[in-house]
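Position chain B with the ligands relative to chain A; hints supplied.
Residue numbers (numbering that gives the first Met the number 0), protein chains in the order written: chain A, 0 to 556; chain B, 0 to 130.
There's no promise every hint is true.
What the hints assert, rightly or not - Derived Cβ-Cβ restraints for the label pairs, each shown as a range:
#1 A:Y72 - B:D6: 38 to 46 Å
#2 B:R65 - A:H49: 21 to 29 Å
#3 B:T103 - A:G80: 56 to 64 Å
#4 A:E268 - B:A114: 30 to 38 Å
#5 A:N174 - B:I40: 50 to 58 Å
#6 B:A118 - A:G194: 19 to 27 Å
#7 B:D108 - A:Q496: 52 to 60 Å
#8 A:E506 - B:A118: 58 to 66 Å
#9 A:L46 - B:P106: 25 to 33 Å
By construction, these hints were calculated from the structure, which means they are not laboratory data.
Virtual Cβ for every residue (Gly too), placed ideally from N, Cα, C.
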Amino acid sequence: MYRYTDFDAAFVAERNAQFRAQVERRIDGSLTEDEFKPLRLMNGLYLQLHAYMLRVAVPYGTLSSAQMRQLAYIAERWDKGYGHFTTRQNIQFNWPTLRDVPDMLDALAEVQMHAIQTSGNTIRNVTADHFAGAAADEIADPRPVAELIRQWSTDHPEFQFLPRKFKIAVTGSPNDRAVTKAHDIGLRMVRNEVGEPGFEVIVGGGLGRTPMIGKVVRDFLPEADLLPYLEAVVSVWNLLGRRDNKYKSRIKITVHEHGIDDIRARVEERFALLRPAFTGVDQQLYAQIKSDFEAPAFADRDTAPFDQAYANDPVFRSWADTNLSAHRAPGHAIAQISLKAHGATPGDATADQMRVMADLAEWFGHDELRVSHEQNIVLPHVHKADLPAVHAALKDAGLATANIGRISDIIACPGMDYCALATARSIPIAQEIATRFDQLKLENEVGDLKIKISGCINACGHHHVGHIGILGLDRAGVENYQITLGGDHTETAAIGQRTGPGFSADEIVPAIERIVDTYLSERDSADEAFIDTFARVGMTPFKTALYGESERKQKAA
Amino acid sequence: MTVLINDTGFLTTDPTRWIDPEARIDLPSDTDPARLRCLLIGKELVRIAFSSFSDGRGFTLARLIRQQGYKGWLRAQGHVIADQYAMARRSGFDDVEIDDDLATRQPEDQWLARANWQAHDYQSRLRGIAA
Ligand code: HEM
Ligand code: SF4
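If we strip away everything but chain A, and leave its shape as in the complex, we get:
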């Protein structure tokens, strides 16, 4: 894992001292509320419906056990004893008071963490594949790249007052687990014909009210050109991006309005101007960063304890079937801890649960944890022989839900329960769907199905790329839920299509049930996943299942 250099530590200490002073200057009137707002945002502090919210960066989703324990401590000391893991691999504390925030930031700095650039119109926390360094299909570890970008983007003097927020994601695997095509910039680590490492650069993806799949702006960017090229993209957009309308300011709109070819030409010209400023020192730092991410020493041990538990314990078996993924080292697995217990708030963990996860990482997982964009926690390196013990400890902590990738593993934004912008509730809908399918005992039968829910058009819950997407709207004071089908968040990214008119809060769970029933009757075998059946049979059978009756009635009328 990355360890702060003296430079990083001094930077964060200085920054925290500055923010402490800014809070005082807001209180004494030197700063207006308008002026204070972007300053608090660039330090992760939001104002929500009921209170301030502090969003803490978990860069590229990686945490040590000591860091996880400190998050537990912060949750208990300054919040209500829990935290919320988000779709951008961050953690949010929902109830801090303004006066306490500087102390919370100092507590984070003790474990080499911060909340810098987790909100505001700046380059946000860089995300990466949550299986990085462990996945069997990986070409290269994206975390050193993400760390290099973190350093470059942190406090970048030109890019603290951009037209809008700017998000970058990196993946080092052909199977894209970082949703790179829905980011302002997505980077895919690739190799050219002669085997040199570099990046495919995707620009202009994004969700929100105008969802767009990113477009390739450079198909091969040599590794050493990364920072000047990123700087060129952001520099072009900083001047060109629209500042007259905040709904049109993201780079996806700039790319859409000017066309990818025009943007590419401008970026290449700017790149030529900026490239000479980088002399290669950045590449030396990159090499040092890489050495921090060397793989742990994986033990060669007998997997018998795993095999026995798998054969004899059906509860363990069903957890192993859903929550484990292939690891590159023999005898090892990637274990996911679901934060989606049926009926609970997706992504929430209590301080006690955080400590259990920290202990397991320390004892069995080379001291590493990851936060996934699907709002679960990952133990990236566990030997299979240790999995029965891991599972037993998770069960005791209420963390052994066996539903990763299943219909109840739902991404839901905070919605009306926390968010000032919400037009509908999203957490309770997620809870009802999860509880309903648990009652029906259909989850394993249905298999891989991703439901994603947003409580308004801003799409924080990624509904556009859910196999089933749910968008909560307000229709004359009544919640109304629109459904989209066929969205895809992977390397074959696609925006879901609307089924038709929305459903009321009472109708939405039965509507989802009808969609699932249709899938079960239409699929050609149990091996055909929902998304593949949808691709084959199209929207019609689902529409009929949803609206059959009323549509015929309307036509008759």
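Same frame as chain A, but now just chain B with the ligands:
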């Protein structure tokens, strides 16, 4: 009236007062970067306007101007707050010009607090420029 600020604090005289009016230019924040090269010919004082502190285009314009080799005086003028002083200096500005009201609300010490803008700078570190 306006106040000029640099690393030494609030200035009592304008260090650019000798510069010929012909050699001065004021650029708005929406200046087309493609025109910079022509606009800068023969200039010794360039002022870039900040109509609002939340509009960061001026920082990128300053950077582009410096990257094209301009060695003259570069001034950020308008709504720039003390918290942005380090950003302005790091982007290539020599000083900042604000109005009296802002100078009253954000007195000299708040600007001097960021006179250490050369320290803790990731950009110089990544570019190999000693702090
Ligand atoms: C106080 C209100 C808001 C809350 C509670 C909220 C909550 C969230 C959360 C929890 C995430 C994942 C964040 C992360 O870890 O970085 C997120 C991401 C996101 N937010 Fe918000 N958000 C709010 C306001 C907004 C606004 C005003 C917009 C747009 C106008 C917006 C658009 C998005 C989008 C599009 C994403 C993620 C998808 C993407 O990256 O494109 N949110 N938000
Ligand atoms: S999607 Fe809307 S309701 Fe949900 S968190 Fe984002 S802004 Fe709030």
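Right, here's what the structure says about each hint:
1. Between A:Y72 and B:D6, the C-beta spacing of about 40 Å keeps the proposed range 38 to 46 Å intact.
2. Hint check: B:R65 to A:H49, Cβ distance near 46 Å, so the stated range 21 to 29 Å is violated.
3. In this structure the supplied range 56 to 64 Å is violated for B:T103 paired with A:G80, their Cβ-Cβ distance being about 45 Å.
4. Checked against the given bound of 30 to 38 Å, the beta carbons of A:E268 and B:A114, roughly 35 Å apart, stay inside it.
5. Our hint of 50 to 58 Å for A:N174 and B:I40 holds, since their Cβ atoms are close to 53 Å apart.
6. For B:A118 and A:G194, the Cβ-Cβ distance of about 41 Å falls outside the hinted range of 19 to 27 Å, so the restraint is violated.
7. Taking the beta carbon of each, B:D108 and A:Q496 are about 59 Å apart, inside 52 to 60 Å as hinted.
8. Checked against the hint of 58 to 66 Å, the pair A:E506 and B:A118 passes, with Cβ atoms roughly 60 Å apart.
9. The supplied range of 25 to 33 Å is met by A:L46 and B:P106, whose beta-carbon atoms lie about 27 Å from each other.
Consistency with the previously given hints fails for numbers 2, 3, 6, ordered from lowest to highest.
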